[in-house]
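Starting from the given sequences, assemble the full structure and let the hints guide the process.
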Amino acid sequence: MPKPEHLYFFIDPNRCIGCQACVQACTECDTHRGHSMIHLEFVERSRSVQTVPVVCMHCEQPTCAEVCPADAIKRTEDGIVQSARKPRCIACGNCVLACPFGVPELYDDRQIMMKCDMCYDRSSIGKKPMCAAVCPSQALFFGTREQIAQLRPMSSPINRFQFGNQTITTRVFTMVPRTLKDRQPWVDVTAAMDDHPFDRAVMLRLLPPDVAATTVSTDAVDPFGGVAV
Amino acid sequence: MATIPVDDRRITERFGPHLSAPTGQRLSTSVEPERLVKTHCCFCGQQCGIQLKVRHNSVIGFEPWEEFPFNRGMLCPKGVKRYLQGAHPDRLTTAVRRDPSAPHGFSALKYEEAIADVAGEIDRIQRTYGHHAIGMLGGASLTTEKTYLLGKFARVCLRTPYIDYNGRLCMVSAGAANKKAFGIDRTTNPWSDMVGTDVIWVAGSNVAECSPITTNYLWQAREQGAKIIVQDPRITPAARTCDLYLPVKPGRDAALFAGVLQLMIEHDWLDRDFIDELTLGFDEVAAYCRQWTPARTADVTGVPERSIRQAAEWWGTASASFLFHARGIEHHSNGVQNALGTINLVLASGRIGKPKSGYGTIVGQGNGQGGREHGQKADQLPGWRDISNPEHRQYIAGVWNIDEKDLPGPGVDAYELFRKIDAGEIKGLLSICFNPKVSLPDNTFITRCLEKLEFYVAIDFFLNDTARHADIVLPGSLHEEDEGTVTQVECRVIKINKAVDCPGEARQDWRIIQDIARALGRPHGFTFESPREIFDELRIASKGGVADYSGITYEKIEQQMGVFWPCYSEDPQTGRPIDHPGTPRLFERGSYNPIAKGTGPFYFPDGKARFNVAEYQPPVDDASDEYPIFLTTGRVVSQFLSGTQTRRIAPLVNQYPEPRIEMHARLASKFGIEDGDWTIVETRRGAITLRAMVVTTIRPDTIFIPYHWPGQKSVNQLTVAAQDPISKIPQYKVCGCRFRKADGPPEYVAVLEPQQ
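Chains L and P, in that order, give the protein sequences.
Each residue of the first sequence is one higher than the one before, counting from 1 in our numbering.
Each residue of the second sequence is one higher than the one before, counting from 1001 in our numbering.
No wet-lab data here; the hints were simulated from the structure.
Do not take every clue at face value.
Now the stretches of chain P that chain L is said to cover, found in silico as 3 or more residues with beta-carbon under 8 Å [said to hold, decoys possible]:
| # | segment |
| --- | --- |
| 1 | 1057-1066 |
| 2 | 1210-1220 |
Simulated pairs of lysine to any residue, SDA-like, Cα-Cα distance not exceeding 20 Å [claimed, not checked]:
| # | chain 1 | residue 1 | chain 2 | residue 2 |
| --- | --- | --- | --- | --- |
| 3 | P | K1608 | P | R1585 |
| 4 | L | K127 | P | V1037 |
| 5 | P | K1356 | L | L151 |
| 6 | L | K181 | P | S1028 |
| 7 | P | K1249 | L | A228 |
| 8 | L | K127 | L | T76 |
| 9 | L | K127 | P | E1032 |
| 10 | P | K1420 | P | H1131 |
| 11 | P | K1670 | L | D222 |
| 12 | P | K1670 | L | V227 |
| 13 | L | K127 | P | E1063 |
| 14 | L | K86 | P | T1029 |
| 15 | L | K86 | P | S1028 |
| 16 | P | K1741 | P | Q1712 |
| 17 | P | K1741 | P | P1628 |
| 18 | L | K127 | P | G1073 |
| 19 | P | K1249 | L | P223 |
| 20 | P | K1741 | P | G1672 |
| 21 | P | K1543 | P | G1575 |
Part of the chain L face toward chain P, derived, beta carbon under 8 Å [said to hold, decoys possible]:
| # | residue |
| --- | --- |
| 22 | A25 |
| 23 | V49 |
| 24 | Q138 |
| 25 | L151 |
Backbone N, C-alpha and C define an ideal beta-carbon position, used for all residues, glycine too.
See below:
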């Protein structure tokens, strides 16, 4: 049974509190019991508590499937990119290297690639994937476009990602501030990978926006700048 | 004889904590559960609804319970993995007795024999030294039925005044402040009221880690336009994206509230009508605040003046608002003053008792609310009654069918109870749901006290760190092995449902208590056949009290998905029987309560709320030349309290295996410490060696250590036993410390697993 057409997955890292309920719950899903298919990344723990939950983005043209020499990765008609099929996967790791989002992982012990399949046994019958069901900050949300529009008036879903010359459109959406989407309706991933992405990637609003807007360097927004050691 | 029978490590070999991981039918993808049991998480005060998967009398997993309105399926990692506490290799399935000749210090004995021994020792001690020579310690993770029974057992069966509970470490500052200001001790609104408000002030609460589900309410409120203010010495996950972060220096909260109120007064950001009509005491508070100029407030609190002004403006000019606080401002020797400081801000704004405006204390333990209402607290009787009030005593003596003269008076707080053990006044101890050797401050003193006991009996499902001192440990029940009620953070009374039976000779805790009463030959009042029977008596005992549960039934809880107290069986206005739905929101204008009798919305005879001068005082054992750094303590998301349960669950231990010393990079570099280095922290009480975690998300004059671990990893070796004079809460959140890089790893690294 396919995943119902009207249900989508939305990620809002701005909400993420790093609690790992998603990681723990992922291991409880019957499709991959005992293994978590979701990664929770600290952007840079020494400088921020910002974390980012990483699930499979379920690309419309999945790079992982395109580079698979064994044709082991299938995208079902409902848009879900499935884990590698056991009889076909040769554990070559091409998909691991090629995925622009860094999602698939190779399991050496069983010689297979496994990745997030949106808890297919759950989502295909209209249930929420484990991670989105439990997420206490709802940084991971599973529901309809109408629901997300009603619940999140300050942000908009985006599903186009620019990696240099490659544009990827995904089944999973990322929430961005509404004002940003109007300016640029895609996420330029490469541009965020320059040497000093900190100012943009990890934003701490310490003061009202008008004051913060005048500050430029990261030192200036150090809330503890005035604390003597 | 309550010394540890054999070397600690030999006890650990047999009794753990060992790690439970998903194996067997819990890991199999083909195993279908026989049934799903709708119940709640066994950990924090959020009390998330959860469905447990049950097969072959074992909990094999969980399924989100999306219909339960508070959390709608959401859970934190502890809730997700809670099921792994069942069928655990460390589980006590028989009673055990202290036995230095046994290889691991304890030997099993028959349950009946253990009960007889316990009763014999209690009887001997009480005959020799008097009734007062037995002390009891309870806990706020127990169901309300159990806490009610414990209070009754202490007063009626043991006839000792000395009972207190681990909520003394948790909710008492908030409770005392609420009582002084409102006449009732309760969060004022359901959490859903937050969405649609203008400003939310979170004072001293790391909601992301300590009450994770509350985060979604905060974020939803923000989506609807609310500004979030977070006051904390650390940039917690909620502080990271808040609208205004107030990086307060540990122990300076009351000064911050006074400074903000002063600005509100200067700018006339006040609800004068509300203050005049519905409160008392504003002028005294205003006079006190006058000294708290923005400059002085900034100087004392470490919060930049412009941030203080911004907070005052946002708070002062909002049209709807919420203020929440938790242990961050409450765990202080002036914790009640801190809480009163927040209440003054709320009362001055007049924004309380309305659908989008309120005030709340975020409870820490599962039954942090219900556990403090029905009689295991030293000064309380059921229904939030006062044990010193003659009328209250008379009523409860009537319910219990005893002579009022035989009802003991107020006891002492949990820490004072240990001082009485130290002084030789208390010779025997019965504890349940409390692990003071890990959780009380300056716990070297606690160990010394335990060693002085003539007899100690603990009831627990695992051999917790304190129970290692016990002469006898009776095998109690896990959360999923019993039923009963719990009152969660919003004051919604909910129902815990039984999923599996107790293993081996383990018993439901209320049966154990009654078995002791019977063996003592004092069964009168302890012949309940079920938690429902206990609850029915509790309903009568609470009737007419402030925490009136008389209209609550198990059926009503199920139908309504929880019932907010007060819930009356008789209309307080007319006295006629009523099918009362409960009270989700307090203090609404025109509302009737049995104390004010229509004179006003607050729970005083005149119906008015009280402003209280909330005086700032520097902490006891403050940072000094000798100990120049602030030490503060708290929780991490994957562990709970003293870790008796969560340090036994592998996926939770793996998430954050051992305590680390969180410190700012500038502070670390001054001492030549890098991330991961072994570091020694010292206070006037002791020293601890842990790894450093170097970050820039904490005040550079402050270090943070989580408290969930025992022995040499316990930060409560370092904390100070200073207590608030009113609430008696310990000052966990600040003391002076110093530190240096260690020469190498401590000795325990080679012999202990991370969770031990």
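Structure versus earlier hints - violations, ascending order: 6
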